[in-house]
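There are 2 protein chains.
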Amino acid sequence: MTRGTGGEIPESRHGWGRVAVDMSSDERYLELKKRLATIHDLSKVSALLSWDQSVMMPPGGAAARAEQMATMGRMAHELFTAPEVGRLLDELRPFEASLPYDSDEASLIRVTRADYEKAVNVPASLRGEMTRVASLARNAWADARANKDFARFLPYLQQTLDLKKRYIDCFPPAAEPYDILLDDFERGMPTADVRGLFSSLKAAIVPLTARVANRADAVDDRVLYGDFPVDRQRAFCLSVLRRFGFSDAQWRLDPTAHPFASNTCITDIRLTTRYYPDFIAPSVFGSMHECGHGLYEQGVSLSLERTPLARGASLGLHESQSRLWENIVGRSREAWRCFLPELQAAFPQMADVDLETFYRAINKVQPGFIRVEADELTYSLHVILRFELEQEMLAGTVRLEDLPEIWNARMKAYLGVDVPDDAQGVLQDVHWSLGYVGYFPTYVIGSVVSAQIWEKARAAMPDLPAQFAHGEFTALREWLREHLHQHGRKFTPRETLKKVVGTDRIDVGPYVQYLTTKFSEIYALAPARTAS
Amino acid sequence: MTRGTGGEIPESRHGWGRVAVDMSSDERYLELKKRLATIHDLSKVSALLSWDQSVMMPPGGAAARAEQMATMGRMAHELFTAPEVGRLLDELRPFEASLPYDSDEASLIRVTRADYEKAVNVPASLRGEMTRVASLARNAWADARANKDFARFLPYLQQTLDLKKRYIDCFPPAAEPYDILLDDFERGMPTADVRGLFSSLKAAIVPLTARVANRADAVDDRVLYGDFPVDRQRAFCLSVLRRFGFSDAQWRLDPTAHPFASNTCITDIRLTTRYYPDFIAPSVFGSMHECGHGLYEQGVSLSLERTPLARGASLGLHESQSRLWENIVGRSREAWRCFLPELQAAFPQMADVDLETFYRAINKVQPGFIRVEADELTYSLHVILRFELEQEMLAGTVRLEDLPEIWNARMKAYLGVDVPDDAQGVLQDVHWSLGYVGYFPTYVIGSVVSAQIWEKARAAMPDLPAQFAHGEFTALREWLREHLHQHGRKFTPRETLKKVVGTDRIDVGPYVQYLTTKFSEIYALAPARTAS
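Residue numbers (this note's numbering), protein chains in the order written: chain A, 1 to 532; chain B, 1 to 532.
Read the hints as simulated data drawn from the structure, not as lab findings.
Some clues are possibly wrong.
What the hints assert, rightly or not - Each pair of labels, with its calculated beta carbon distance range:
#, chain 1, residue 1, chain 2, residue 2, range
1, B, Pro255, A, Asn147, 35 to 45 Å
2, A, Asn147, B, Ala459, 53 to 63 Å
3, B, Glu478, A, Pro83, 19 to 29 Å
4, B, Thr474, A, Pro83, 56 to 66 Å
5, B, Ala142, A, Arg222, 49 to 59 Å
6, A, Pro83, B, Arg166, 35 to 45 Å
7, B, Leu154, A, Pro229, 54 to 64 Å
8, A, Pro83, B, Asp149, 33 to 43 Å
9, B, Asn121, A, Thr474, 51 to 61 Å
10, A, Asp22, B, Thr397, 27 to 37 Å
11, A, Pro229, B, Thr517, 50 to 60 Å
12, B, Pro59, A, Arg132, 36 to 46 Å
13, B, Ala459, A, Ala257, 44 to 54 Å
14, A, Asp278, B, Gly73, 19 to 29 Å
Built from N, CA and C at the ideal position, the CB exists for glycine as well.
Can you make the complete structure from the sequences, with help from the hints?
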C-alpha cells in the first residue's frame, strides 16, 4: 500500500499505510477499507462489552467496564474523524463515479462519506458534553423513576434538550429542527412524513381500540399463566428459533433483564430473552422479536464484513424485521398450528387448550400505561404520544414542568387509561435521559413497514401461511435475505425499502388493513366500518 | 493537563493532552497515567475477547474474533511504544527520584520504563513476523499432533527458533541467550539460577519417584471415579471456592475445555474449569488452582487499577498462588476434614469413604507421559525435561529432527515411562508453536516458591491447618493479600519474593522437604534416607 517517495503526509500512528498524494485509486480504496475495518472492530468489541455487561459480568466489573466502553468509543470516533479519512473520501470521488452505484465499493465510499460529514460537523467539546450529561441524566432518571418524582429529572431533561438544540445548530438548517434528530436514527426521513403517517395511523387505531375495548371480555388469556419452569421455556423457545434460522454454530440465547439482540460479527449473533416462571408469553414472543433482529444482521452479505455496511439499513427497517417475526409470523394462527402441539408436549397443563383459544389469548388487546408491555394494536399510540411531545418540547410549546400532566391527559385520550404515577407515566422510558430524542418513531415505522414487506412476500409466495403451519419458515427467511438483509447498510432506508417492496414510500395502508382484519376477526367486530 | 503556549509537539490523535515541554512533573505523571490507563483498557478488553472466545462464543465468531484481537493488540502496542511515552518517562526521572521507591507513583514510572525499554527494542517488522509465524505454526502443530507426525511441525519449529534468535539479537547480550527469553516470563531470573534450582530438584525427585513407584499399590484412587453429575460437581466446586474467597459479586465460574483464570478488572474475576461426569478430581482441583490465580489478581490494591501494575508480579509468582491453593491447601488432609462430609452429602456413593483413603487417593503418584495430567510429585520432571531441551535447541546441540527420539529417551530416564507416540510426547504442548520458549520453567518456579510462602505463612500462623479443618481460609488469604497480592506488579519478582518470605532467593529446600514428608508418609517410605 505504501508507494511514492515525495509528497507524503506524516504517517499517523496506527500501523496505517501512509496516505501519499500519488496513491492509485485502488490503493486509496484499500487504505480507506483498512481504516474502516479497524473502526468496525472497535465497534463490534464495544457490542461485546455491552452484551457481556448485560448478560455475564459480575457487578464488580461495572466501573472498569464504563472506562473500557468509553475508551473504545473515543478511539473509534477519533480514528473515523481523522482528516486523512476525509481526504481519502474526497480523492475517491472519481473512483466512486466510475463504479456501479450498487457495487459494494461505491456504496462503501458513499455511505462512509455521509457518515463522515455528519460526524465532523459536531465539535469534540459538544460530544464530550453530551456524553457527560447523558451519564448524569441517566442516573437522575433512575433516581427520579425509583422515587416517582419527575422534579428530580426535570433539570437534566432541560440540559439534554439544550444540548440537542446546540447539536441541531451544528448542521445546515433543515425543514424543521426535529429532522436533524430523526436523521440520526432513520436517515433521510423527514419529520413531515412521519407526522403524516402517524396521523393516518392514529385516525385508524384510536377508534379501533375503542371498539375492541367495548368487547374486552371476548378474549381470555388465562391459559398463558400458570407453572412454566424456566428450563422448559428455554428449550421451547430454542425449538421455535431453530425453525426460524437459529443454529448453535452461529447463535446464542441467554437470559437477561432487558432483552436485546447483539452480535460480534455477521456469523456470531447473540439473542437475549426474559423468562417469567408463571407467564409463558414474554420469553416466547421476546425471543421471536430478537430473532428477527438477529436474522437481519446474520443475513448481511459476507462481502460487507468488517465495514460500516455490515448492519441493518436503519432502526426502522430493523424493527420491521423484529415485528414481522414476532407479530405477523409469531402471533399468526398458522404458525401455532405447528408450535402449539410442541408447547403442549413441553407443558402438560396446556394439553386441552385449543388453537382458537390460544390464538386469541396471544393477541389479546389490553390498553395499559407501559409501552414495552403494550399489545400489537395499542403499541403505536404510545409511540405517537412520545413523538408529538418531543416536537413540542423542542419547539418550546410545552413547558417541561407540565410534562407529567400533559402525558397523563393524552394517555387518557388515546388509550383511555389513568396513569397512576410518573414512574408508570412520563418517566417509564430511559431514552430521553440518554439523549435519544427522535428515536421512538422508528418503532412504529418498523411496524408499518413490516406489513408492507409481508404483503409483498405473501404476494410472491402465497402459500407462506401453509408453510408456517408445517413449521417451515425457510422460504420467508430466504426471501427476506435476498430482498433486504443481504444489502446491509449499502443503501439509504428509502432505497432499501424500494428494493424490498418496489416503492420508496412508507405506506400505512397494509398495516392498518392487517390490524383491522386481525382484530375485527378476533373481537368479532362489524367488518365494514373499519375496512373502509 | 494542557498548559504552556510555546514549544508544543504536535498533538497525537487520541484525545491525549498535548505533551508540552513546560509541563510540570505532576502534569507529566498524570499524562503518563492517562495513556497507560487507555492501554490497560485495551489489554483488559483483549482478556475479555479471549475469555468470551473460550467460554461463550459460537464457532461462527472465530474469524472476526481473530481480527478484533489483532486490532486490540496492535493498538496497545502502538500506543505504548509512541515516542511521547519514552519522553515522558525520561522527563519524569527527577520526579521519580523524589518519591519513595515503594510509592505507587515511583513504581509505576520504574516498571513502565523497564517495559518500554523492552518493547521498543523489537522492531515492528519482527513482531509482525513472529505473529504471522505463530499463527501458521499453531495450525501446523495442531495438524501434526492430530496425525502424530512430528515432521509436519518440524519446519515451523525451525522458523520459530530462528525468530527467537533474531529476537534475542534485539537486546544487549546477556550471560546466556536463554536469559532473554526467560526474562519475558520471569523478569530478572537468570537461566543459571533456574538450572541450579532444577538440578537440586531433580536430584531429590527422581529417586523419590522411583521409591514411590516401587510401592505403587499402596494407594488406590478408585473412589474418585464413578457417577458424578456435572451440576452437582459445579455446586460442590462453588461451595469450596466460596470458602476460599469467591463471591457472586466479583467472580464467575464457567465450564471450558482448557481451564484458565482471567479478569476484566480487579473486581471481575473469571474462573473456568472442566467437568468429567465420571471423575471428580479434575473439576475440584482445577477450580482450586484457578481460584489461586484469581485471588492473586483480586488481591491487588485498588490504587493500581487501570495501570500496568494491576496484575501479578510474574508467571512464577502467579503459579505459586495457584499451586498453593490447589496442592498445599487443596490436597491437604486438614482441608478435607471440612470438605469430605460436604462431598459425601453431594454424592451419596461416597458415604463410606474414610478421610485417609480419600486423602491418599487425591495424592496418588502415577508417572505418565502427559504434563498437564501429572501428579504433584512428578510434575516438575516434565518441566525440567522441557527446560533442558529448550536450551539445547537454542544452542544447536540437538538436531530438531532428533527431538522425538531424545524426548522419549529422557521420559524413560526421568519418569520410567515409554511414550507411545509423538502426540503424547514431544507434540503434547502448544507453547512452542506460539513462540513461548522460556515459559515452562515458571511452572516449577511457582511450585518451589509456593512451599517457601507456605512455610512462612505457617510460621506466622501455626494454627492454619486447624483453621482449614474448620473450613476457615480467610486468615491465609488475608495474609497472602497483605504480603504478596496487594503489591501487584510494583516490584520485580525478586523484590516481591523478599516482601513475602524475607529473602529474594528462590530456595528448593522447603519444596523438597514438603514433597518428601508428604509422599514418604503416604507411601510409607523409610523417612531417614530422603529427609537427609
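Hints, verified against the model:
1. Pro255(B) <-> Asn147(A): 35 to 45 Å: The hinted range 35 to 45 Å holds for Pro255(B) and Asn147(A), with Cβ atoms some 42 Å apart.
2. Asn147(A) <-> Ala459(B): 53 to 63 Å: Taking Cβ atoms as reference, Asn147(A) and Ala459(B) lie about 56 Å apart, which means the hint holds.
3. Glu478(B) <-> Pro83(A): 19 to 29 Å: For Pro83(A) against Glu478(B), whose Cβ atoms are near 54 Å apart, the range 19 to 29 Å is violated.
4. Thr474(B) <-> Pro83(A): 56 to 66 Å: Since Thr474(B) and Pro83(A) have Cβ atoms about 57 Å apart, the given range 56 to 66 Å holds.
5. Ala142(B) <-> Arg222(A): 49 to 59 Å: The hint (49 to 59 Å, Cβ to Cβ) holds, given that Ala142(B) and Arg222(A) are roughly 57 Å apart.
6. Pro83(A) <-> Arg166(B): 35 to 45 Å: 37 Å, holds
7. Leu154(B) <-> Pro229(A): 54 to 64 Å: Holds - the Cβ-Cβ distance for Leu154(B) and Pro229(A), about 56 Å, lies within 54 to 64 Å.
8. Pro83(A) <-> Asp149(B): 33 to 43 Å: For Pro83(A) and Asp149(B) the Cβ distance comes to about 53 Å; the hint is violated.
9. Asn121(B) <-> Thr474(A): 51 to 61 Å: Given range 51 to 61 Å: holds, Cβ gap about 57 Å.
10. Asp22(A) <-> Thr397(B): 27 to 37 Å: 53 Å, violated
11. Pro229(A) <-> Thr517(B): 50 to 60 Å: With a Cβ separation near 52 Å, Pro229(A) and Thr517(B) satisfy 50 to 60 Å, so the hint holds.
12. Pro59(B) <-> Arg132(A): 36 to 46 Å: Since the Cβ atoms of Pro59(B) and Arg132(A) sit about 40 Å apart, the hinted range of 36 to 46 Å holds.
13. Ala459(B) <-> Ala257(A): 44 to 54 Å: 49 Å, holds
14. Asp278(A) <-> Gly73(B): 19 to 29 Å: 48 Å, violated
Checked against the numbered hints listed earlier, the structure breaks hints 3, 8, 10, 14; every other hint is satisfied.
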